[in-house]
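So the protein lines, in turn, are chains C and X.
Every letter in the first sequence is one number past the one before it in this note's numbering, and letter 77, counting from 1, is 77.
Every letter in the second sequence is one number past the one before it in this note's numbering, and letter 57, counting from 1, is 57.
It is possible that part of the hints are untrue.
[What the hints assert, rightly or not] Derived coverage of chain X by chain C (criterion: at least 3 residues anywhere in the stretch with Cβ under 8 Å from a Cβ of chain C; other residues may be distant):
1) 9-23
2) 46-52
3) 82-88
4) 98-107
[As the list claims (entries may be wrong)] Pulled a few chain C residues facing chain X out of the computed Cβ check, cut under 10 Å:
5) L11
6) F30
7) S84
Calculated from the structure, these hints are not laboratory results.
The C-beta atom is built at its ideal place from N, Cα and C for all residues, glycine as well.
Residue strings, one per chain:
Number of protein chains: 2
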Amino acid sequence: MDSEPRWLKELTTADSLRLLGSVAFGRMVFNQHALPAIRLLNHVVDDDAVIVRTHLGAAALGTVGMVVAYEADAIDAHTRLGWSVVVTGVARLVTDPDRVARYEQMLRPWVREQMVHVIRIDPEIVTGYEMLDGADF
Amino acid sequence: MDSEPRWLKELTTADSLRLLGSVAFGRMVFNQHALPAIRLLNHVVDDDAVIVRTHLGAAALGTVGMVVAYEADAIDAHTRLGWSVVVTGVARLVTDPDRVARYEQMLRPWVREQMVHVIRIDPEIVTGYEMLDGADF
Chain C
1 MDSEPRWLKE LTTADSLRLL GSVAFGRMVF NQHALPAIRL LNHVVDDDAV IVRTHLGAAA
61 LGTVGMVVAY EADAIDAHTR LGWSVVVTGV ARLVTDPDRV ARYEQMLRPW VREQMVHVIR
121 IDPEIVTGYE MLDGADF
Chain X
1 MDSEPRWLKE LTTADSLRLL GSVAFGRMVF NQHALPAIRL LNHVVDDDAV IVRTHLGAAA
61 LGTVGMVVAY EADAIDAHTR LGWSVVVTGV ARLVTDPDRV ARYEQMLRPW VREQMVHVIR
121 IDPEIVTGYE MLDGADF
């Protein structure tokens, strides 16, 4: 493994959302019982919003109406090059039946749980950066 | 990609910390200006504690004395098998010069920033799970 430190390059909002949409899973970050919490989820990006599904009783369901962060990254463990994107916004329950049906098609559950809710995070803050080699500048 | 959902298997604390120590980076989760925040960091696990380094002015430095979560995972994007571990505990500044020197040797910065602080998270809560194929049961 190369021990040279990397440079951070800030990404635009458009590039950040494009990269977020290019991967299948990420991490929802929220408060639970006044403690910081994080859950691995799979997602899609639709119309610049992050869409996830959750099941009854899941911690993520308690985030509805609250501000959450959603993070995804792709870092090569050997070269240490890659990117990280964080979206911050209010988690909202998707209730429109057509949209729910559409998202249920787009988002197949990874685990054997009955996913009964669709949550949408409309980004209010989008931050992203790329870790680059010195040579990339 | 196989669309069969996976099974979640809970990991013991010992297995969780061993897996966390087997990877080079993870994500610190904390509150910043009353909003959930997450930062990618590299870490080592020493004596069952998570050790990270941070630079002056970094958001992570504001977590000293506060409860944070630290998450790492290794999920295969194709098979969707892997694990995720979350450690929750108070972030403390390491001030003992011998320990600081030792951790500075163990933890080489990934980015071109002068890392001036070492933070230690002593786990109060450790949760981890593995995503398994039905066949693994």
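Verification of the hints:
Figure legend: the region 9-23 of chain X, annotated as covered by chain C; annotation inconsistent (1 residues with Cβ-Cβ distances under 8 Å, at least 3 required). For the region 46-52 of chain X, the stated coverage by chain C is not satisfied: 0 residues place a CB nearer than 8 Å to a CB of that chain, which falls below the threshold of 3. Evaluation of the coverage hint for the region 82-88 of chain X: fulfilled, as 3 residues show C-beta separations to chain C shorter than 8 Å, against a requirement of three. With a threshold of 8 Å between beta carbons, the proposed coverage of the region 98-107 of chain X by chain C is violated, since 0 of its residues qualify and at least three are required.
With 10 Å as the threshold, the beta carbon of L11 of chain C stays out of range of chain X, its nearest partner Cβ sitting at about 13 Å, so the hint is violated. At its closest, the beta carbon of F30 of chain C sits 5 Å from a beta carbon of chain X; the interface hint therefore holds under the 10 Å criterion. A cut of 10 Å between beta carbons decides the hint on S84 of chain C: the least distance to chain X is about 5 Å, and the hint holds.
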